[in-house]
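Enquirer: Sequence:
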Amino acid sequence: QARYTCNGVLFATDEFEQNMRALVDCMLGRIIFRDGKWRVFAGSWQTPSFTVQKSDWIEGGLAIRFEQGRSHRFNRMRCWYVDPVRDWQRVEAMPRINATYKAADGNETIDAETEQLMCTSEYEAQRKAEFLLRQSRNQIIVSGRLPPRFQNIALWDTGTIVFDHLGWASK
Numbered sequence: 046q047a048r049y050t051c052n053g054v055l056f057a058t059d060e061f062e063q064n065m066r067a068l069v070d071c072m073l074g075r076i077i078f079r080d081g082k083w084r085v086f087a088g089s090w091q092t093p094s095f096t097v098q099k100s101d102w103i104e105g106g107l108a109i110r111f112e113q114g115r116s117h118r119f120n121r122m123r124c125w126y127v128d129p130v131r132d133w134q135r136v137e138a139m140p141r142i143n144a145t146y147k148a149a150d151g152n153e154t155i156d157a158e159t160e161q162l163m164c165t166s167e168y169e170a171q172r173k174a175e176f177l178l179r180q181s182r183n184q185i186i187v188s189g190r191l192p193p194r195f196q197n198i199a200l201w202d203t204g205t206i207v208f209d210h211l212g213w214a215s216k
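Residue numbering for the sequence shown follows the numbering used here, beginning at 46 and increasing consecutively.
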């Protein structure tokens, strides 16, 4: 089964941003405006193009945050899609629940919702919901200053970080 499909209609009379958001949501991607161009990034694996070692960071500016707070994490994901069997009505896919995440959250259900209205398959909607659920637990932020040889790194470029003392071989 196809991982990312776009099964819908875009109207030229709709706002550009609205149409682009619909397309990007189909692939669980991101869109940015960089260097005078719109760039679309699919929500799939990107081959890393650079590596940053712990020794590369300029002194005094390195910060690592492991938690972004409750507002950025959840343990149950609800997803709506359009079902052709039900006369193209908006329906909810079976919610994706992670018992390990729920236990870590004190057994409290924390919901999040997504609309996948260009998705026509419950299985695809569930797969996307599972991806978003797992992504909510990826909350490590590394920030700091790097030397000039890293100046060509741009937003949404993919790289790896090596910090031996944290056990990161190619995070």
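Quick caveat, the hints were computed from the structure, so don't treat them as lab data.
Any given hint could be a false lead.
Listed next, with one range per pair, are the computed distances between beta-carbon atoms [unchecked claim]:
1) Arg48 <-> Glu104: 16 to 24 Å
2) Gln46 <-> Trp133: 15 to 23 Å
3) Gln134 <-> Ser215: 38 to 46 Å
Glycine residues also receive a C-beta, built at the ideal position from the N, C-alpha and C atoms.
Enquirer: For this structure, which hints from the list above don't hold up?
Expert: 1
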